[in-house]
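What follows is each chain in one-letter form.
Number of protein chains: 4
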Amino acid sequence: MRHLVRQTIRFSDADPAGIAFYPRIFDHLHEAFEDFFDNCSGTTYAKVLGEERIGFPAVHATAEFLKPLRHGDVIDVEITVVELGQTSFRCRYRVLRDREICATASCTTAVVHLDGLKPVNIPERFRKFLEEHHEVVA
Amino acid sequence: MRHLVRQTIRFSDADPAGIAFYPRIFDHLHEAFEDFFDNCSGTTYAKVLGEERIGFPAVHATAEFLKPLRHGDVIDVEITVVELGQTSFRCRYRVLRDREICATASCTTAVVHLDGLKPVNIPERFRKFLEEHHEVVA
Amino acid sequence: MRHLVRQTIRFSDADPAGIAFYPRIFDHLHEAFEDFFDNCSGTTYAKVLGEERIGFPAVHATAEFLKPLRHGDVIDVEITVVELGQTSFRCRYRVLRDREICATASCTTAVVHLDGLKPVNIPERFRKFLEEHHEVVA
Amino acid sequence: MRHLVRQTIRFSDADPAGIAFYPRIFDHLHEAFEDFFDNCSGTTYAKVLGEERIGFPAVHATAEFLKPLRHGDVIDVEITVVELGQTSFRCRYRVLRDREICATASCTTAVVHLDGLKPVNIPERFRKFLEEHHEVVA
Numbered sequence: 001m002r003h004l005v006r007q008t009i010r011f012s013d014a015d016p017a018g019i020a021f022y023p024r025i026f027d028h029l030h031e032a033f034e035d036f037f038d039n040c041s042g043t044t045y046a047k048v049l050g051e052e053r054i055g056f057p058a059v060h061a062t063a064e065f066l067k068p069l070r071h072g073d074v075i076d077v078e079i080t081v082v083e084l085g086q087t088s089f090r091c092r093y094r095v096l097r098d099r100e101i102c103a104t105a106s107c108t109t110a111v112v113h114l115d116g117l118k119p120v121n122i123p124e125r126f127r128k129f130l131e132e133h134h135e136v137v138a
Numbered sequence: 001m002r003h004l005v006r007q008t009i010r011f012s013d014a015d016p017a018g019i020a021f022y023p024r025i026f027d028h029l030h031e032a033f034e035d036f037f038d039n040c041s042g043t044t045y046a047k048v049l050g051e052e053r054i055g056f057p058a059v060h061a062t063a064e065f066l067k068p069l070r071h072g073d074v075i076d077v078e079i080t081v082v083e084l085g086q087t088s089f090r091c092r093y094r095v096l097r098d099r100e101i102c103a104t105a106s107c108t109t110a111v112v113h114l115d116g117l118k119p120v121n122i123p124e125r126f127r128k129f130l131e132e133h134h135e136v137v138a
Numbered sequence: 001m002r003h004l005v006r007q008t009i010r011f012s013d014a015d016p017a018g019i020a021f022y023p024r025i026f027d028h029l030h031e032a033f034e035d036f037f038d039n040c041s042g043t044t045y046a047k048v049l050g051e052e053r054i055g056f057p058a059v060h061a062t063a064e065f066l067k068p069l070r071h072g073d074v075i076d077v078e079i080t081v082v083e084l085g086q087t088s089f090r091c092r093y094r095v096l097r098d099r100e101i102c103a104t105a106s107c108t109t110a111v112v113h114l115d116g117l118k119p120v121n122i123p124e125r126f127r128k129f130l131e132e133h134h135e136v137v138a
Numbered sequence: 001m002r003h004l005v006r007q008t009i010r011f012s013d014a015d016p017a018g019i020a021f022y023p024r025i026f027d028h029l030h031e032a033f034e035d036f037f038d039n040c041s042g043t044t045y046a047k048v049l050g051e052e053r054i055g056f057p058a059v060h061a062t063a064e065f066l067k068p069l070r071h072g073d074v075i076d077v078e079i080t081v082v083e084l085g086q087t088s089f090r091c092r093y094r095v096l097r098d099r100e101i102c103a104t105a106s107c108t109t110a111v112v113h114l115d116g117l118k119p120v121n122i123p124e125r126f127r128k129f130l131e132e133h134h135e136v137v138a
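Protein chains in written order, with the numbering used here: chain H, 1 to 138; chain E, 1 to 138; chain P, 1 to 138; chain W, 1 to 138.
Bear in mind the hints are in silico, worked out from the structure with no lab data behind them.
In this text the structure is predicted, and so the values were computed from the model without any measurement.
Glycine included, every Cβ here is placed at the ideal spot set by N, Cα and C.
Please note that the accuracy of each hint is not assured.
[Claimed, not checked] The calculated BS3-like cross-link candidates involving lysine-lysine, where the alpha carbons are at most 25 angstroms apart (straight line), are:
#, chain 1, residue 1, chain 2, residue 2
1, P, 67, W, 128
2, E, 128, E, 47
3, H, 47, P, 118
[To be verified] Chain P is faced by these chain E residues, among others (derived, beta-carbon under 10 angstroms):
#, residue
4, 8
5, 11
6, 15
7, 16
8, 17
9, 19
10, 21
11, 23
12, 68
13, 70
14, 71
15, 116
16, 118
This is chain H alone, in the form it adopts within the complex (with noise of 0.2 angstroms):
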């Protein structure tokens, strides 16, 4: 199942060239990353932060970008979980303008306790819902 989220490219992404910036991609690719969690989780990603001060900082970071992305554009960012493991796992970003793919891009996320940055297994309820979005990578 892929998880697909609207959004769009915001005049202060867009750089002196007109298009957006890159790691302005990266910020849409984490609010994707966020509304993931507070559509599929079944609590937010603000409150697994806040209140179960579990957090999930990239350990990697990839991305192609294919076509240019321009003030204005509806872009639809689709995720999927390409890899779980035990305390991280990845997600695959493909980012979409009228169904044509301008940008994929994955990260992989560990999953810690806030206080003190160890490492955590990935809770269950968690886990469930990741699993549902699995995608097998060829």
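Starting from the structure of chain H, add chains E, P and W where the hints point.
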């Protein structure tokens, strides 16, 4: 030859977990990239874009975040050039804090004319300083 | 008439103190301003800039931050137009969370042609929707 | 006494119109505020927050943007303290480019304990350097 840029992790880089949010690390790498141009190219990054209308959109970026960076950390961003093509090049970054590598990254940038975003050959005077910072990767 | 835009305080908006960093609030106000154009002007903010080459640089901005906003907060940004000049206008913003006012702000924007940044008269079709959202301030 | 911080308008500060997006100016002012602490307080802004758990949330901010700032501009941000209360103070900023004032701003910050955000008296050692930078406004 390696180009070194000293930076500070800012309050605005740090997230509620107290560590640098990973898209902000890419912002720091880009600042180092701008300084690399300003210090080594014989011109400035702003003039290259604003006057020559040549731009450097990222086509691929990847990073490993090995150690969390915190608000107040002083870091050295080390840049080398690991690939130098006709119309694109790839820089490699190492982010050090007290000589400890906290992140490594690389970013491939196309070289384009800003009006139309068509690839252009890397101008000779840029090729020169990029070659001077070439690093052979084993 | 008031224009309302619902937003969420994002992870990236929040600082190590767990509350929204104040420049990020101005980002939220600008997003609401963009949506105001997209929803009410008959065109989009991106087209006005990209095609008509008309821009809206801020010349004055002021804000009072009455209550801290936290990651995960859902806010309603309310926009009205409190001054409507020949070549500039001033919007007033109220940021509400569950009907509690958390911030008030105003921003005066010049209306300029993007090539040269010279002031231009507010086009009639913009004047119309701006007038419809006029608020008389006591 | 005025505290001066030299900065550069970055690629990421500039918008599709080629000029600094106004929320980014507030980011620059905050960086100058951090440097003011780092250079004058006898400690660092990061330690005050991270170790002493004292924070400085903005309660009021205002700015006039007199001249557009562009990517590559070198600016001097001048800070003085124009009000010094029991649990809050107000800084005044002037942004200069080649001695021309491009923006003026002021920001009132509360002084709070980060756990609970309750106001605290400005510690004596901070009061000292703030007083040294006091500017009487006519």
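Verification of the hints:
Using a Cα cut-off of 25 angstroms, the hinted pair residue 67/P and residue 128/W is violated, with the two alpha carbons roughly 29 angstroms apart. Among the hinted pairs, residue 128/E with residue 47/E is consistent with the structure: their alpha-carbon atoms are about 18 angstroms apart, no more than 25 angstroms. For a cut-off of 25 angstroms, the pair hint linking residue 47/H to residue 118/P is broken: about 48 angstroms separates their Cα positions. The restraint placing residue 8/E at the interface with chain P is violated, with a minimum CB-CB distance near 14 angstroms, outside the 10 angstroms limit.
Interface hint at residue 11/E: satisfied, since its Cβ lies 6 angstroms from the closest Cβ of chain P, which is below the 10 angstroms cut-off. With a least beta-carbon distance of about 6 angstroms to chain P, the hint placing residue 15/E at the interface is held under the 10 angstroms criterion. At about 5 angstroms, the closest approach between the beta carbon of residue 16/E and any beta carbon in chain P falls short of 10 angstroms, and the interface hint on this residue holds. Look at residue 17/E: its Cβ gets to within about 8 angstroms of chain P, closer than 10 angstroms, so that hint holds up.
The beta carbon of residue 19/E is positioned within 10 angstroms of a beta carbon in chain P (closest approach about 9 angstroms), and the interface hint is therefore held. With a cut of 10 angstroms, the hint placing residue 21/E at the interface with chain P holds, because the nearest CB-to-CB distance is about 6 angstroms. Here the hint on residue 23/E is kept, as its CB sits about 7 angstroms from the closest CB of chain P, short of 10 angstroms. This hint is violated: residue 68/E has a C-beta 12 angstroms from the nearest C-beta of chain P, more than the 10 angstroms allowed.
About 9 angstroms separates the beta-carbon of residue 70/E from the nearest beta-carbon of chain P, less than 10 angstroms, and the hint is met. Taken as an interface hint, residue 71/E checks out: its beta carbon lies about 6 angstroms from the nearest beta carbon of chain P, inside 10 angstroms. At its closest, the beta carbon of residue 116/E sits 14 angstroms from a beta carbon of chain P; the interface hint therefore is violated under the 10 angstroms criterion. Nearest Cβ of chain P to the Cβ of residue 118/E: about 19 angstroms, over the 10 angstroms cut. The hint is violated.
When the structure is compared with the earlier hints, violations turn up for hints 1, 3, 4, 12, 15, 16 and for no others.
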